[in-house]
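*Asks:* Here is what each chain is made of, one letter per residue.
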Amino acid sequence: MQINVLEYFERGALAGQRAKAAVLDQGRSFTFDDMARCAKNCAALILKIASTRNLPIAVFLPKSAETIVADLGVLYSGHCYANLDLKSPIERLKATLNNLGADLIITSAAHAPVLRSLGVPENQILLVEAAMQAGVRHDEAALLERWNAVVDTDPLCIIHTSGSTGTPKGVVLSHRNTIDFMDWVFERLQLQGGEIIGSLSPFYFDIYTLELYLCLAKGATLVIIPEQCAVFPAKLLEFVAAQGINFVFWVPTIMVNIANQDLLSAFPVPSLRKVFFAGEVFPTKPLNYWRRHLPAAMFVNLYGPIEISVDCTYFVVDRDLADDEKLPIGFPCRNTDILILNEQNQPVKSGEPGELCVRGSSIALGYWNNPERTAQAFVQNPLNPHYPELIYRTGDIVYRNVRDEIMIVGRKDFQIKHLGYRIDLGEIEHAALQVTGIDNACVVYGRDKKEITLFFESAEDLSAGMIRRRLAEFLPKYMLPTTLHHIDQLPRNPNGKIDRHRLALRIGEADEA
Amino acid sequence: MKPSTAAATLAALLQEIRPEHDFTASRDFIGEGLLDSFDMITLVATLDKAYGISITGVDIVPEHFRNLDSIAALLRKYTVAP
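Protein chains in written order, with this note's numbering: chain A, 19 to 531; chain B, 671 to 752.
Check before you lean on any hint, since a few could be wrong.
[Stated by the list, open to error] When the alpha-carbon atoms are kept at most 30 Å apart in a straight line, the in silico DSS-like pairs for lysine-lysine are as follows:
(1) 719(B) <-> 468(A)
(2) 344(A) <-> 435(A)
(3) 236(A) <-> 253(A)
(4) 719(B) <-> 303(A)
(5) 105(A) <-> 303(A)
(6) 253(A) <-> 303(A)
(7) 747(B) <-> 515(A)
(8) 430(A) <-> 253(A)
(9) 430(A) <-> 719(B)
(10) 105(A) <-> 468(A)
(11) 435(A) <-> 719(B)
(12) 719(B) <-> 495(A)
(13) 236(A) <-> 303(A)
(14) 38(A) <-> 292(A)
(15) 467(A) <-> 253(A)
(16) 719(B) <-> 253(A)
(17) 292(A) <-> 468(A)
(18) 112(A) <-> 38(A)
(19) 747(B) <-> 253(A)
(20) 303(A) <-> 430(A)
(21) 430(A) <-> 367(A)
(22) 719(B) <-> 105(A)
(23) 747(B) <-> 112(A)
(24) 253(A) <-> 292(A)
(25) 435(A) <-> 367(A)
(26) 292(A) <-> 303(A)
(27) 112(A) <-> 435(A)
(28) 112(A) <-> 367(A)
(29) 515(A) <-> 435(A)
(30) 495(A) <-> 112(A)
Hints listed in this document are in silico derivations from the structure and should not be mistaken for laboratory results.
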């Protein structure tokens, strides 16, 4: 019986493929043996500082092999990792660290000054360079005893996502949650270890979970795509072809750009065999472009919020879809039950819309240090009055079509997906109200143009540049409004609430509220 | 339009996207990390809109976005001048 994700590594890649390349990072190559040695050295260093169990340990590093070493070191020491966004504005970073209350932050000499400037004491900073040195500096038996004592409901990692109050929410995921998803994905989507993974997403996304444990369990090679490639789609495709990458799990944004610019004709990627995507809706026309260029590849649409461990439904694109036909999110993953509930909390009939709710071992433990939000989203299954059983309410409105495939309709609230990032529009509004001079604010999203529009009331004339500069102190770049409109008075509906629908009409989004 | 004015126009556009950088001082926006992937998406959209052109993906490569001169040269390729 598997309890700890480290068993994937110990019984998987470390059992038979120690000398194989595990991680390729900008010209550097690390074998599985290298990764295990550095991670265990890191664990020994962590244990000198943090000896109790299940502490949150923040990792403040650029996307690199060192981040993986740090994460694994945290796991070998019996704690849980929280990978942070290095580019997070200082106020947001501060809020995240305060909420996390981490006793220890793993970083590097180059990035430690930021933490020091925030007042993080020296004895709570661990430099990863110390773990990367050659030689074994840990006691194998002591570590084994340590990580063997973990139970599968212990926290594995904390992944942060946008929250309407201005402080990101930290989703706490357990070993069981992750094993539940990974065992399914290995089997159903035929991941066997020959994969050369082109890793494009940040390591503070949950896409990393699939990439990392595929690498450790099956001996697949994880290739970190240099950030510069993400800036230039043509360079990205050249890199994929040159590295012989055969598996990707990306967000659709960049793939849509590639299709719209017909880059696969100029830069073919014949090595690609499996193309997974998640994070937002992939419009069918550009998806069909990809399928035409890679007829032998397997395309899989995965859907799910972080709170249910990576993904909870999937659709293997195995039939022809018309360009104007919407792509289903498909069927539940094994050991996951999807309930579609109407406003009376009753299951809907086929074809009727309702909120997608999830039941099963994949449900996260909750939000870190946030009982109120946890109680709102993780609730008693309304169909079961007999004993405690939590379901997760995603807030996504869906229905089942005539083929019994699940189709996405929209949201119950004001959460959006923009460039693959999950954003609560309330967090942007909250930040806008911090700008001196702004009296009231409302943010709407234009899905077609992918524009975040801020409408604001102010007595004085405020320049867009000034507002954006101020907002950048609170918000990461992907959350900054692309368009700003001064408005004398925000429209209100009869009960006095801001009329988002009318604002949406102003930016030409008839259906969006 | 005179080259100096052209550079100033482009610098102003870039300044809107990244107010904290001085784009007239850098010869290598990409190498020095002045522009990241979000900025590139915004910049291409801004140029498309400002000049009524549609920059194709094959042209969205580092060589065309290294500095003010290379962006100006790219715009000339689309027969517009900054």
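*Asks:* Now, for every hint given, state plainly whether the structure supports it.
*Replies:* Hints, verified against the model:
{"no.": "1", "hint": "719(B) <-> 468(A)", "result": "holds, 15 Å"}
{"no.": "2", "hint": "344(A) <-> 435(A)", "result": "holds, 17 Å"}
{"no.": "3", "hint": "236(A) <-> 253(A)", "result": "holds, 29 Å"}
{"no.": "4", "hint": "719(B) <-> 303(A)", "result": "holds, 24 Å"}
{"no.": "5", "hint": "105(A) <-> 303(A)", "result": "violated, 33 Å"}
{"no.": "6", "hint": "253(A) <-> 303(A)", "result": "holds, 23 Å"}
{"no.": "7", "hint": "747(B) <-> 515(A)", "result": "violated, 50 Å"}
{"no.": "8", "hint": "430(A) <-> 253(A)", "result": "violated, 38 Å"}
{"no.": "9", "hint": "430(A) <-> 719(B)", "result": "violated, 33 Å"}
{"no.": "10", "hint": "105(A) <-> 468(A)", "result": "holds, 22 Å"}
{"no.": "11", "hint": "435(A) <-> 719(B)", "result": "holds, 24 Å"}
{"no.": "12", "hint": "719(B) <-> 495(A)", "result": "holds, 21 Å"}
{"no.": "13", "hint": "236(A) <-> 303(A)", "result": "violated, 34 Å"}
{"no.": "14", "hint": "38(A) <-> 292(A)", "result": "holds, 21 Å"}
{"no.": "15", "hint": "467(A) <-> 253(A)", "result": "holds, 24 Å"}
{"no.": "16", "hint": "719(B) <-> 253(A)", "result": "holds, 24 Å"}
{"no.": "17", "hint": "292(A) <-> 468(A)", "result": "holds, 27 Å"}
{"no.": "18", "hint": "112(A) <-> 38(A)", "result": "violated, 39 Å"}
{"no.": "19", "hint": "747(B) <-> 253(A)", "result": "holds, 21 Å"}
{"no.": "20", "hint": "303(A) <-> 430(A)", "result": "holds, 26 Å"}
{"no.": "21", "hint": "430(A) <-> 367(A)", "result": "holds, 19 Å"}
{"no.": "22", "hint": "719(B) <-> 105(A)", "result": "holds, 28 Å"}
{"no.": "23", "hint": "747(B) <-> 112(A)", "result": "violated, 46 Å"}
{"no.": "24", "hint": "253(A) <-> 292(A)", "result": "holds, 20 Å"}
{"no.": "25", "hint": "435(A) <-> 367(A)", "result": "holds, 27 Å"}
{"no.": "26", "hint": "292(A) <-> 303(A)", "result": "holds, 19 Å"}
{"no.": "27", "hint": "112(A) <-> 435(A)", "result": "holds, 24 Å"}
{"no.": "28", "hint": "112(A) <-> 367(A)", "result": "violated, 46 Å"}
{"no.": "29", "hint": "515(A) <-> 435(A)", "result": "holds, 24 Å"}
{"no.": "30", "hint": "495(A) <-> 112(A)", "result": "holds, 16 Å"}
Consistency note: the structure conflicts with the earlier hints numbered 5, 7, 8, 9, 13, 18, 23, 28.
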